[in-house]
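Colleague: Next come the chains, spelled out residue by residue.
Protein chains: 2
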Amino acid sequence: MIDMTTADLNGALEDAGLASMNFLNEIAGRYPDAIAFAAGRPAETDFRLDDLHEHLDRYCRYLREERGLGEAEVQRTIFQYGPTNGVIRELVARNLHVDEGITVDPESIVVTVGCQEAMFLTLRALRAREADVLLAVAPTYVGLTGAARLVDLPVLPVATGTAGIDLDDMMRTVRAARRTGLRVRGCYVMPDFANPSGASMDTDTRKRLLDVAESEDFLLLEDNPYGLFHTGQDRLPTLKALDHGRRVVYLGSYAKTALPGVRVGYVVADQPVRTRSGETRSLAEQLGKIKSMVTVNTSPVAQAIVGGKLLATDCSLAAANEGIRARYADNMARMLAGLARRFPAGGPVTWNAPAGGFFVVVTVPFPVDDELLVHSAEQHRLLWTPMSHFYGGTGGEHQLRLSVSVVTPAEIETGLDALAALVAERLG
Amino acid sequence: MIDMTTADLNGALEDAGLASMNFLNEIAGRYPDAIAFAAGRPAETDFRLDDLHEHLDRYCRYLREERGLGEAEVQRTIFQYGPTNGVIRELVARNLHVDEGITVDPESIVVTVGCQEAMFLTLRALRAREADVLLAVAPTYVGLTGAARLVDLPVLPVATGTAGIDLDDMMRTVRAARRTGLRVRGCYVMPDFANPSGASMDTDTRKRLLDVAESEDFLLLEDNPYGLFHTGQDRLPTLKALDHGRRVVYLGSYAKTALPGVRVGYVVADQPVRTRSGETRSLAEQLGKIKSMVTVNTSPVAQAIVGGKLLATDCSLAAANEGIRARYADNMARMLAGLARRFPAGGPVTWNAPAGGFFVVVTVPFPVDDELLVHSAEQHRLLWTPMSHFYGGTGGEHQLRLSVSVVTPAEIETGLDALAALVAERLG
Numbered sequence: 000m001i002d003m004t005t006a007d008l009n010g011a012l013e014d015a016g017l018a019s020m021n022f023l024n025e026i027a028g029r030y031p032d033a034i035a036f037a038a039g040r041p042a043e044t045d046f047r048l049d050d051l052h053e054h055l056d057r058y059c060r061y062l063r064e065e066r067g068l069g070e071a072e073v074q075r076t077i078f079q080y081g082p083t084n085g086v087i088r089e090l091v092a093r094n095l096h097v098d099e100g101i102t103v104d105p106e107s108i109v110v111t112v113g114c115q116e117a118m119f120l121t122l123r124a125l126r127a128r129e130a131d132v133l134l135a136v137a138p139t140y141v142g143l144t145g146a147a148r149l150v151d152l153p154v155l156p157v158a159t160g161t162a163g164i165d166l167d168d169m170m171r172t173v174r175a176a177r178r179t180g181l182r183v184r185g186c187y188v189m190p191d192f193a194n195p196s197g198a199s200m201d202t203d204t205r206k207r208l209l210d211v212a213e214s215e216d217f218l219l220l221e222d223n224p225y226g227l228f229h230t231g232q233d234r235l236p237t238l239k240a241l242d243h244g245r246r247v248v249y250l251g252s253y254a255k256t257a258l259p260g261v262r263v264g265y266v267v268a269d270q271p272v273r274t275r276s277g278e279t280r281s282l283a284e285q286l287g288k289i290k291s292m293v294t295v296n297t298s299p300v301a302q303a304i305v306g307g308k309l310l311a312t313d314c315s316l317a318a319a320n321e322g323i324r325a326r327y328a329d330n331m332a333r334m335l336a337g338l339a340r341r342f343p344a345g346g347p348v349t350w351n352a353p354a355g356g357f358f359v360v361v362t363v364p365f366p367v368d369d370e371l372l373v374h375s376a377e378q379h380r381l382l383w384t385p386m387s388h389f390y391g392g393t394g395g396e397h398q399l400r401l402s403v404s405v406v407t408p409a410e411i412e413t414g415l416d417a418l419a420a421l422v423a424e425r426l427g
Numbered sequence: 000m001i002d003m004t005t006a007d008l009n010g011a012l013e014d015a016g017l018a019s020m021n022f023l024n025e026i027a028g029r030y031p032d033a034i035a036f037a038a039g040r041p042a043e044t045d046f047r048l049d050d051l052h053e054h055l056d057r058y059c060r061y062l063r064e065e066r067g068l069g070e071a072e073v074q075r076t077i078f079q080y081g082p083t084n085g086v087i088r089e090l091v092a093r094n095l096h097v098d099e100g101i102t103v104d105p106e107s108i109v110v111t112v113g114c115q116e117a118m119f120l121t122l123r124a125l126r127a128r129e130a131d132v133l134l135a136v137a138p139t140y141v142g143l144t145g146a147a148r149l150v151d152l153p154v155l156p157v158a159t160g161t162a163g164i165d166l167d168d169m170m171r172t173v174r175a176a177r178r179t180g181l182r183v184r185g186c187y188v189m190p191d192f193a194n195p196s197g198a199s200m201d202t203d204t205r206k207r208l209l210d211v212a213e214s215e216d217f218l219l220l221e222d223n224p225y226g227l228f229h230t231g232q233d234r235l236p237t238l239k240a241l242d243h244g245r246r247v248v249y250l251g252s253y254a255k256t257a258l259p260g261v262r263v264g265y266v267v268a269d270q271p272v273r274t275r276s277g278e279t280r281s282l283a284e285q286l287g288k289i290k291s292m293v294t295v296n297t298s299p300v301a302q303a304i305v306g307g308k309l310l311a312t313d314c315s316l317a318a319a320n321e322g323i324r325a326r327y328a329d330n331m332a333r334m335l336a337g338l339a340r341r342f343p344a345g346g347p348v349t350w351n352a353p354a355g356g357f358f359v360v361v362t363v364p365f366p367v368d369d370e371l372l373v374h375s376a377e378q379h380r381l382l383w384t385p386m387s388h389f390y391g392g393t394g395g396e397h398q399l400r401l402s403v404s405v406v407t408p409a410e411i412e413t414g415l416d417a418l419a420a421l422v423a424e425r426l427g
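From first to last, the protein sequence lines stand for chains D and C. Numbering that gives the first Met the number 0 puts the first residue of the first sequence at 0, with every later residue one more than the last. Numbering that gives the first Met the number 0 puts the first residue of the second sequence at 0, with every later residue one more than the last.
Derived by calculation from the structure, the hints in this document are not laboratory data. Computed from a predicted structure; not experimentally measured. Cβ atoms here follow ideal geometry from the backbone N, Cα and C, with glycine treated the same way. Be aware that a few hints might be false.
Just the calculated beta-carbon pair ranges, DEER-fashion [to be verified]:
# : chain 1 : residue 1 : chain 2 : residue 2 : range
1 : D       : Arg66     : C       : Asp416    : 31 to 39 Å
2 : C       : Ser276    : D       : Gly69     : 32 to 40 Å
3 : C       : Pro366    : D       : Asp56     : 49 to 57 Å
Between the sequences and the hints, there should be enough to build the whole structure, so can you do that?
Modeller: The structure is reproduced here in structure tokens:
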């Protein structure tokens, strides 16, 4: 009989990051009736099973009518193994053009199994030697640190500061890394309504960040799952839209803007890469080689469903998501107003005021840890996320993250009452 | 402007294995009208777009009627992010019970993005230290060697011999590895109609292989994409069905037996793993932790389609595939008879006689390389695969692999005429 321990297995399995994700999911599963200020998933109001059939049929019509495919070719496209880098790249490129003002060659795109695989492939490609490191604005998404851990790529934190990224801290970190012989491959950023901080970068900061990436010669990994969900202001240009030096690898998600259940994301990697034989290929092509050994290709059926959704919306998910955007914005306003009603200005409880996205960060004058979360779930029927999970070390010990994405207006009020009770209990 | 070379990126990208896969795909794409003896994909006769709708609807009915889910829960199951390890594990377990006589707890299963991800997750988990190595019967599937390369796990070849695996060679390889301080984590095998060799192991060899894994304390990674496609003999038990010591990690594919285009596979990993805190969990749970950082979860929509297909067939894909099995068997018989008619016994051209699967290996008295393949495609309109691609070093230099999976009886005759012309040209 076999006898194994986790110590026999890959070190990442004993890592805090991976355990963290599991713990948070497990807690959410254990208290299904608690108010879900912890959830990061999109709202469920717009799900209709018939949509799947309609999207699939619409994509097949497009293959026949716009692409001129015969019936056997349509079937082959949907049913067979497909090209590694995807079958809907043309539609993804149109979507980027319409919604983000980003113009890219479809050949620079790899359609992936959600944004997570886009991240994983990029990190696997960039991690070439032991000295390689990645920067990431801290606090950061646990999926990024987890993927980095799996490819043995250390992540060095850069402070968020007041501008969404503290560029001075970034320069200090880069220099300190280089002094110890490390090679900085890139910096992971979420310029719009970051998870978990809710912070955004202004346009000037975005431009300066691009300048730093150029002068210091590394890549920016831009992750943009929440960009469409602003609270009413003008949207700012993505880094990729401002990128003239091909410094930005753009990580795209359709989980929040189309359908989480198809697991379709993408990466734009238009960086030229010279091969040993002297040819110039794209980074996307290199990522495709890695993808062929991880998942072979993204399900063409899943791609077809997203393709159909894009076709149904003239490739504008911004327009298609206007209703849900307004709902998230309303929830955000309600959450911020509700916090203000319950916690007086100048008091010990403070919070930020994100201009969009799913998340608000609340700072309290007592330690916030997993034990407090379990207590909150059991005694107050309230779930949220300890911010310390997003620091992968020290940081966030007095902060919690509240999400507005799946709760109703009534649940926001009930949840904030529960939060006020929890805070009163701790303070008194 | 960025300036990168492949040398700046992960070393796997300059590896022969990854280049190999790309080259073979590229050649197939360049000569779409050539006879496809190179293809490894399943036949396309049974594809109907309506099936996708029906499978999806059937799975939703099952959730409502058999699982008692309300409409909101059905929608959440299909549309939202789902549990990392999958939503159709219960049906996969039933399928394994019905078709393979394997009884496993659904909790031991992780539903993956095709069998490739199953392989990748397993290798990532097993590779803990620099000294770790994997054994694999050579010649072997390029997806295995590619995935191993991505996780920096060297693969040591074990000879196929006459029994599908040469156990003496295996023992020699294990001992030699240990003498140099290496730790053997497992051995990758395809006991039924292997890709690319077509070889199968008899039952006695399977049992002895399990004994060796037990006495030498490593795992067997059993990959079984072709098991249902025998040519008429009784099917032999899988290693997993014979496994009493939890030595076998079973890698499952639905690409050939259900639908390639949904990219759904799975891994059975019922090995107990003791954690640092002294609890016993399953290897499946550990693989799930890794999966959460690679693809988060397998598309529930894709899983639902496979689930519907399983429900439609009472979870017996063996029964559902009887028609296509007979077709492959007929093609195999035709291919073997066609070879015998064109190349006289006792002559310089020889081949094996697989008892199932997609592939026949032909040995010729001249070098078989990529250059010859290009010549064959251009001058003879015939595609096949140089066996050297499956050795990752030396081996197979006089062999080519012929596939029977997507060709018609007429194409088999035309293709073999072309092969005979190519051989005559080389010999004369």
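Colleague: Hint by hint, work out which the structure violates, then give me just those numbers in ascending order.
Modeller: 2
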